[in-house]
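Hints in hand, dock the two standalone chains.
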Amino acid sequence: MAKTWEEINARIASGEAVVMTAEEFGVLAADEGLKAAAKKVDVVTTGTFGPMCSSGVVLNFGHSDPPIRMGEITINDVEAYGGLAAVDTYLGVTQPSRTKGIEYGGAHVIEDLIRGKAVRLRAQSAGTDCYPRTEIDTWVTLDDLNQAYFFNPRNAYQNYAVAVNTSDRVIHTYLGTLLPHLGNATYCSAGALSPLLNDPTYRTIGVGSRIFVAGAAGYVAWEGTQHNPNQTRDENGVPVAPAGTLAVIADLKAASSEFYSAATFTGYGASAFVGIGVPIPVLDEEIAATLALTDADITATVIDYGVARRSRPALGRVTYAQLRSGEIEIEGKKVQTGPISSIAKARRIAAELKTWITEHKFELVQPLQLLPQPGSQGVKPLDIHTEEAN
Amino acid sequence: MPRKRFDLTFPPNQATKPITYHLVKDYDLTPNILRAQIQPGQEGRMLLEITGPKESFDAGVAFLEQEGITVQPAATDIKLDEDACVLCGLCTAVCRPGALTMSAETGALLFDKDKCVYCEACVVACPRRAITLSF
Chain A
1 MAKTWEEINA RIASGEAVVM TAEEFGVLAA DEGLKAAAKK VDVVTTGTFG
51 PMCSSGVVLN FGHSDPPIRM GEITINDVEA YGGLAAVDTY LGVTQPSRTK
101 GIEYGGAHVI EDLIRGKAVR LRAQSAGTDC YPRTEIDTWV TLDDLNQAYF
151 FNPRNAYQNY AVAVNTSDRV IHTYLGTLLP HLGNATYCSA GALSPLLNDP
201 TYRTIGVGSR IFVAGAAGYV AWEGTQHNPN QTRDENGVPV APAGTLAVIA
251 DLKAASSEFY SAATFTGYGA SAFVGIGVPI PVLDEEIAAT LALTDADITA
301 TVIDYGVARR SRPALGRVTY AQLRSGEIEI EGKKVQTGPI SSIAKARRIA
351 AELKTWITEH KFELVQPLQL LPQPGSQGVK PLDIHTEEAN
Chain B
1001 MPRKRFDLTF PPNQATKPIT YHLVKDYDLT PNILRAQIQP GQEGRMLLEI
1051 TGPKESFDAG VAFLEQEGIT VQPAATDIKL DEDACVLCGL CTAVCRPGAL
1101 TMSAETGALL FDKDKCVYCE ACVVACPRRA ITLSF
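Protein sequences, first through last, are from chains A and B. Residues in the first sequence are numbered consecutively from 1, following this note's numbering. Residues in the second sequence are numbered consecutively from 1001, following this note's numbering.
In isolation and in its complexed conformation, chain B is listed as follows (with noise of 0.2 Å):
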């Protein structure tokens, strides 16, 4: 069954929509939602990771569009130039998930793929600009 994340911008006016309850009753999609910012009249963001059945799946995604969200595919990795960081750890203080930590013994940025939300906030704190999202 296929199983992909999305990063779902919400316009201020569609911010209340219960799109979790559509996909899961309408088209039998399991949303799981890893992370939001929503507030009536603002623009929103979500990250969605979706599971379903192939033809649900599109269906479900048209309809997220069609409610005028957009949908775009999420960020699938965290990219760090080496030349640029200089092992700080400054990214390890905002990261709420644990997926970067340091190694108390050798200093060294550690980063555990399957615990990272890509939240963006070590790309934000990062003072070397040294971590970008890839997709």
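Same shape as in the complex, but just chain A (with noise of 0.2 Å):
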């Protein structure tokens, strides 16, 4: 029995609508079988708080006197991006301060910003007749600025990989400090909770669905870049590696401190963690089937980071349930597990956007466009050409 997106936002607004976080709903179908739990529940929601590199904010300062069309810019001694009109800008969270380097970057800023600091906004110019100021030094608030929303081209993988290092150096990634000779092992997803892992096939998150970004209410504003709908998927249709992504926009303004969080990873860079949430509706049997999977049935690739090439070797597949355990075995040898990111502030943001709809703060938008889906699109590699290509 289906139900529709207009039903689910009818018992929505009417405060019948039955919501539960994808762990919840995984126990209940567990208890009462799938067929029962399709029938009761009409939302399931999900949440990820992972470092998200590809992150950031367009920010308006508003127009000094005199005017000035700022070129080079640095806010708290971060460099901001000079090439859109006068006083916008793009700040990324991974961009390193001139003077503290990664460990203050971009996302650092947006964290100040988030928290009401003052930041201190510079910027050169080489000076115009609509734009005489050469010059400007001056501190600004989250508050004072017109715009500030965040725009971020890839958020919340769907999936990710197990990184592991058998050579004899230590290394430090984006996955954090890998030790030698399968010394350890790091992982990133929130699993059984991870939004695009409980809608395998996109058929309810596109275009246009309302989301949470960081504590506000957001959306998806188009497929996230790297958006891989072609990769190697199991028996439930669940990607086994990285494979879609979406681009998401939300307001700064209504961020959250508690939901985005500044990061540095030593020897590698800033990045931020951004919590993602996306509500599910229950349309069917199909789509319940997978938001019934648990972290025993989702798995992931194992890659060996100690070879620095694009493509890098895979040493077997490895289940949620497995990982999250704290041990693995790769080829025979039990190695430590460590996530990076936070299972703790997944469940809270599951947990917050189960109370949002329930509270009817939130409503479901069906999506405007469907993502790219499953043998439409793969990831292109970039060849380095000595010549011009015809």
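FYI, nobody ran anything at the bench for these hints, they're computed from the structure. Please note that the accuracy of each hint is not assured.
In the DMTMM-like style, the derived pairs of lysine to aspartate or glutamate whose C-alpha atoms are separated by at most 25 Å in a straight line are [to be verified]:
1) A/Lys334 x B/Glu1105
2) B/Lys1079 x A/Glu103
3) B/Lys1079 x A/Asp297
4) B/Lys1113 x A/Glu327
5) B/Lys1115 x A/Glu329
6) A/Lys100 x B/Asp1083
7) B/Lys1004 x B/Asp1026
8) B/Lys1115 x A/Glu327
9) A/Lys100 x B/Glu1082
10) A/Lys100 x A/Glu72
11) B/Lys1025 x B/Glu1067
12) B/Lys1079 x B/Glu1065
13) A/Lys40 x A/Glu329
14) A/Lys253 x A/Asp144
15) A/Lys334 x B/Asp1081
16) A/Lys35 x A/Asp234
17) B/Lys1004 x B/Glu1065
18) A/Lys39 x A/Glu24
19) A/Lys117 x B/Glu1120
20) A/Lys334 x B/Glu1067
21) B/Lys1079 x A/Asp112
22) A/Lys100 x B/Asp1112
23) A/Lys3 x A/Glu329
24) A/Lys100 x B/Glu1120
25) A/Lys117 x A/Asp129
26) A/Lys117 x B/Asp1083
27) B/Lys1113 x B/Asp1081
28) A/Lys35 x A/Asp297
29) A/Lys117 x B/Asp1081
30) B/Lys1017 x B/Glu1067
31) A/Lys380 x A/Asp234
32) A/Lys39 x A/Glu235
33) A/Lys334 x B/Glu1120
34) A/Lys253 x B/Asp1083
Estimated spans, in silico, between C-beta atoms of each pair [unchecked claim]:
35) A/Glu258 x B/Pro1018: 53 to 59 Å
36) A/Asn60 x B/Asp1083: 43 to 49 Å
37) A/Arg309 x B/Pro1040: 31 to 37 Å
38) A/Gly33 x B/Ser1103: 45 to 51 Å
39) B/Lys1054 x A/Gly267: 41 to 47 Å
40) A/Asn146 x B/Asp1077: 45 to 51 Å
Even glycine gets a Cβ: it sits at the ideal position worked out from N, Cα and C.
Below, the structure is given as structure tokens:
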């Protein structure tokens, strides 16, 4: 028995909707069966809180008198993009500070803004007839800005690699410090709570979907960069390695420092933990089946980061339940594991989104356009040419 | 009998001296190397636990300093800034002694002080810079 988006939104509006987190739904489906669970529950909430390097904010500062066309821009010594209109900029989370390096990056500026702190804005320009000012040095807070919104080109990766290192030296990666000779393994996914792992073929998550972004209500803006629906999938249709991604948009002024945290990965760079949550309507038993999957059903591929090439060797697959136990076995060797994506925060996000929906603060929006579907596109490599291709 | 942990820093030219031998033979102390990074010609560091009678204890430490080794009391605890911590768990991935672990059920960070050797791997790994050593 299928439900429609309209029926589900009507039940949310009347306060009758049954909403559960993906973990709760997995337990219910195991106890009462998939059919009963699909009938009983209207919406399942998901959540993830991991480092998402392809994130940043669009800011508009307003005009000074006399005005300036900001060319070279820094905020707290972190460079922001100067190639937009006069007082617009884009600040990316991985941009390191000119004075503090990766210990304070664009991500940290954004966290300071969310926390209400004043940041130092400096800009230079050649000066023009309409924008005569050549220099500005001032302090601004988030409240002072006209617009401030996240535009994150790639968030909520659908699954990720388990990183190990078979080389004989310690390596520092975006998946943390990897100890030599399979000394440890790190992984980065909310597993059964992860948004795109719950809707593996992007039936309900698409352009225009209303979602939770860093504590604010935001939207899926587009497919994320490197969106790869053609990734290898298991018998449930769930990718076993990084696959789909989302580009998201949300108001920075409505964001919360509880759900957005700057990060520095030693020997690698600055990044930001971004909290993303997506509500998924339980339209039918087909989607209920993937919503009911648990950490024991979802696998990730172990990749050797000791090989610094685009194609790194795969060393098998493990389940998220095994990863969460703290130890996995690779090539007969017991290897200790550690997560990078916070499961505690992922649960908080799924629970928060559930509260928003049950208190009718948040209705579901049906996608205006589906994301590229399995079979439609993969990821292209960048080849190095010595001359212009014809 | 006093037992204390020290953080020893060896200048490059002293890195190959058999100091534990002298602590045992000349001062009747029980040195226990918890962690060491010693290479000829390079500055070395050692986390050394020393047990012994009070008099020879002080003499043993004086001997180390006389040999040009910098002797500092070792960290006795790690401090977690819970407001900064996001419970990502990355510290547990680099903790070889297994002092920091994640609860598989609750996702909480657990710390077993007895297993910690104060190697600072978690301090360096923490993306929130939420862990510091305390003395």
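**Asked** Which of the numbered hints above does this structure break?
**Response** Checked against the structure, the hints that fail are numbers 3, 12, 13, 15, 19, 20, 22, 23, 25, 36, 38, while the rest are satisfied.
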